[in-house]
Amino acid sequence: MARLTRITTRSGDRGTTRLADGRKVAKDDPRIEALGAVDELASVLGVLLAEPLPPAIRRRLERVQHHLLDLGAEIALPGRAQLDPGAVARLERWQAALGRGLGPLEEFLLPGGCRPAALAHQARAVCRRAERRVAALERGHGPRPGPEPVRYLNRLSDLLFVLARRLNRIAGVPEPLWSPGGR
63 MARLTRITTR
73 SGDRGTTRLA
83 DGRKVAKDDP
93 RIEALGAVDE
103 LASVLGVLLA
113 EPLPPAIRRR
123 LERVQHHLLD
133 LGAEIALPGR
143 AQLDPGAVAR
153 LERWQAALGR
163 GLGPLEEFLL
173 PGGCRPAALA
183 HQARAVCRRA
193 ERRVAALERG
203 HGPRPGPEPV
213 RYLNRLSDLL
223 FVLARRLNRI
233 AGVPEPLWSP
243 GGR
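For the sequence shown, the working numbering assigns the number 63 to the initial residue and increments by one for each residue that follows.
Rather than coming from a laboratory, the hints here were simulated on the basis of the structure. Any given hint might turn out to be false.
What the hints assert, rightly or not - Have a look at the derived ranges for each label pair, beta carbon to beta carbon:
| hint | residue 1 | residue 2 | range |
| --- | --- | --- | --- |
| 1 | Lys86 | Pro236 | 35 to 41 Å |
| 2 | Asp75 | Gln127 | 25 to 31 Å |
| 3 | Ala233 | Ala159 | 34 to 40 Å |
| 4 | Pro242 | Leu164 | 46 to 52 Å |
| 5 | Leu111 | Ala151 | 21 to 27 Å |
| 6 | Ala82 | Ala233 | 36 to 42 Å |
| 7 | Lys89 | Leu164 | 21 to 27 Å |
| 8 | Thr78 | Leu139 | 42 to 48 Å |
Glycine included, each C-beta is placed from N, C-alpha and C at the ideal position.
Start from the sequences and build out the full structure, keeping to the hints where you can.
Below is the structure:
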């Protein structure tokens, strides 16, 4: 396990940083962009976790944060699977459980409702960006992460959408529906 002995190293003051394998790259290198997007997602989930949430949802979101750090390690060191192989299946089961009784959507939803639901929608949007950044690594040059990070982020963004719906239901807040033209 990595130990952080110093936070400020000044080594990045010229717009470069080092990857986990020691290679020096620009701060806007696609791998750094992907790692930053995953880090941002974990942080947005931290904001959601600062809200009052049902204990079961809290525990699962905390587990997701741990998975995101595992996923980041897999991006940082391609070829070394870090993400738990059962993580995607667990997300799928949790999403199915959250969705029970919500009913089908007849209109697009606007992000919002109660504060926790709005934060879940924000996390979903950040998750989609992280997914795009990680997927771009698959098409790029150099070491590529395996397929699990993209699969995990894809399922997680779907789950966060359903979670937002569930949180609005728990709070008794109607889901904000899109009205074409804002009518």
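Consistency of the hints with the structure:
1. Lys86 <-> Pro236: 35 to 41 Å: Distance hint for Lys86, Pro236 is violated at roughly 52 Å.
2. Asp75 <-> Gln127: 25 to 31 Å: 29 Å, holds
3. Ala233 <-> Ala159: 34 to 40 Å: 18 Å, violated
4. Pro242 <-> Leu164: 46 to 52 Å: Cβ of Pro242 to Cβ of Leu164: about 23 Å, so the range 46 to 52 Å is violated.
5. Leu111 <-> Ala151: 21 to 27 Å: 23 Å, holds
6. Ala82 <-> Ala233: 36 to 42 Å: 41 Å, holds
7. Lys89 <-> Leu164: 21 to 27 Å: With a Cβ separation near 41 Å, Lys89 and Leu164 fall outside 21 to 27 Å, so the hint is violated.
8. Thr78 <-> Leu139: 42 to 48 Å: Once the Cβ atoms are compared, 19 Å apart, the range 42 to 48 Å for Leu139 and Thr78 is violated.
Checked against the numbered hints given earlier, this structure breaks hints 1, 3, 4, 7 and 8; the rest are met.
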